[in-house]
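Sequence order for the protein chains is Y and W. For what it's worth, UniProt numbering labels the leading residue of the first sequence as 1, then goes sequentially. For what it's worth, UniProt numbering labels the leading residue of the second sequence as 1, then goes sequentially.
Calculated from the structure, these hints are not laboratory results. Careful: at least some of the hints might be erroneous.
To be verified - Across the chosen pairs, the derived CB separations fall in these ranges:
1. Y/LYS5 <-> W/ASN105: 34 to 40 angstroms
2. Y/GLU4 <-> W/THR237: 39 to 45 angstroms
3. Y/GLU4 <-> W/THR289: 42 to 48 angstroms
4. Y/GLU4 <-> W/GLN140: 38 to 44 angstroms
5. W/ASP342 <-> Y/ASP8: 29 to 35 angstroms
6. W/GLU17 <-> Y/GLY17: 41 to 47 angstroms
7. Y/LYS5 <-> W/ARG87: 54 to 60 angstroms
As the list claims (entries may be wrong) - Computed cross-link-like contacts, DSS-like style, restricted to lysine-lysine with a CA-CA straight-line distance of at most 27 angstroms:
8. W/LYS315 <-> Y/LYS5
9. W/LYS80 <-> W/LYS112
10. Y/LYS5 <-> W/LYS2
11. Y/LYS115 <-> Y/LYS52
12. W/LYS263 <-> W/LYS80
13. W/LYS219 <-> W/LYS112
Unchecked claim - Here are some of the chain Y residues that sit facing chain W, going by a computed Cβ distance under 7 angstroms:
14. ILE36
15. LYS38
16. LYS52
17. PHE56
18. CYS58
19. GLY59
20. LEU83
21. ALA87
22. ALA91
Ideal Cβ positions, reconstructed from N, Cα and C, are used throughout, including at glycine.
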Amino acid sequence: MYTEKVMDHFSNPRNVGEIDNADGVGEVGNASCGDIMKIFLKVEDNVIKDIKFKTFGCGAAIATSSMVTEMALGKTIDEALELTNAAVAEALDGLPAQKMHCSNLAADALHEAIKNYKETHGA
Amino acid sequence: MKRIYLDNNATTQVRPEVLDAMLPFFREQFGNPSSVHWAGRAVAGAVEKGREQVAKLLNCSPAEVVFVSCGSEGDNFAIKGTVEALRDKGNHIITTKVEHPAVLNTCQALEKQGCRITYLGVDADGMIDLKELEAAITDQTILISVMWGNNETGTLFPIEEIGAIARKYKVRFHTDAVQAVGKVPVDVQKANVDLLVLSGHKIGAPKGVGAIYIRRGTKMTPLLHGGHQERNRRAGTHNVAGIVGLGVACDLAGAQLEECAAKMKRLRDKLEQGIREQVPEIKVNGHPTLRLPNTLNVSFAYIEGESLLLNLDMKGIAASSGSACTSGSLEPSHVMGAMCVDVLLAHSSTRFSLGPETTEEDIDFVLQELPAIIERLRQMSPLYNRQGKPLTCDECRVIRSV
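Work out the full structure: start from the sequences and follow the hints.
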């Protein structure tokens, strides 16, 4: 059902955890399937210097959370805002169709974290 | 890698005795039992022997056994065949909210055609209320369709009592006994059942064969029209090898029922006890005592079922989940919903279903691997704080409202 890349990120998720005194925190959930993703950011000079995630969800939810943290790390916040759920799925060599709707919320969680950063830091 | 199969409610391994009995019917005994020539005559007896073996297990006459392709076909036949046959008597069916989709979806399809369906609720243990069942019967009621044992939780309905109620009101009684046959004693006379469905692949026979018991004199309209097989009850060329396999599986199930059930229950209880001792924040779903001896359904708070299943699979352990993400639907298990299990716990419900081949070592291995997997997933969960302490209810509510 899942690609090798999805299983790799699911089995060895990158950047799991929380950041103390994070500059931005974003949380999204899918009421239908119950998945919840939370992303923490540390931003310096508009660049994402550290990023962590916590996820309650299926294999796709964990893998997309892990992948989006890898993709966003080192990017400016404006570059990170351009990341989409579709781009995350593509980076994982694809997801099953139903997972695109229910479990691929990672970029949304990232965007929420950036929004929170901008609101709290006046960026 | 070690392979441990704890998904026997989904399907079972074909038993060696069953396979050995079937093989000649793929080779030299390949005839069609409806044919009059030597090739047909050679296998006709095998079909009748299979019928006798099924009948013996159910305590009925061989003439009351009709072979079908699977449990779903049997359930469709039982329900639609009754509606068609009793159209002038009424159009009301009573069933429950926790039936297998083979029953629920059939009822929903009939509802669109004008039937009235009562879906009885269940309590937190997955048990129905007999008074509610009795109160639901009207002069339009033509069928009560209630499963014997639940496929997800293992909860056993009081079939004999339901049969007595059905008899009292002269309402036809169908039970989907796909999960119960081979695990608990199933006697159609004691249970006052009119229609009972079983499936071969749940009891060590192959997929593609099942049977329906139809009490003598029960008027039914066939689902499949065609040839005159099965006393005009079910058209279609016989699956001879499958029927032979089903017969042998029924023989084995009958002969080993007590011993197998006791062994599965002992190992199932050991698994449950071990999980309770090693993993905090769990909920066992299903009736504490009136439960199939092989079935354990557990919810692990703060984690999601599919993630757990994938992690177990990476250790070679096969189980099943009521998680929405494993089903193709976005909703978690309808059984958990009917039992009012908290939605997050429903997403993590995990079913371990044992079989006759399950060993003590299998259970030890699961108990060795499972706690670490749960802990790892919980540490990744935003519903579980980083000190490893669960969130308060208020904190959970805030997150869940996101």
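* Asked: Can you list which hints this structure breaks, lowest number first?
  -> 4, 6, 12, 16, 20, 21 and 22
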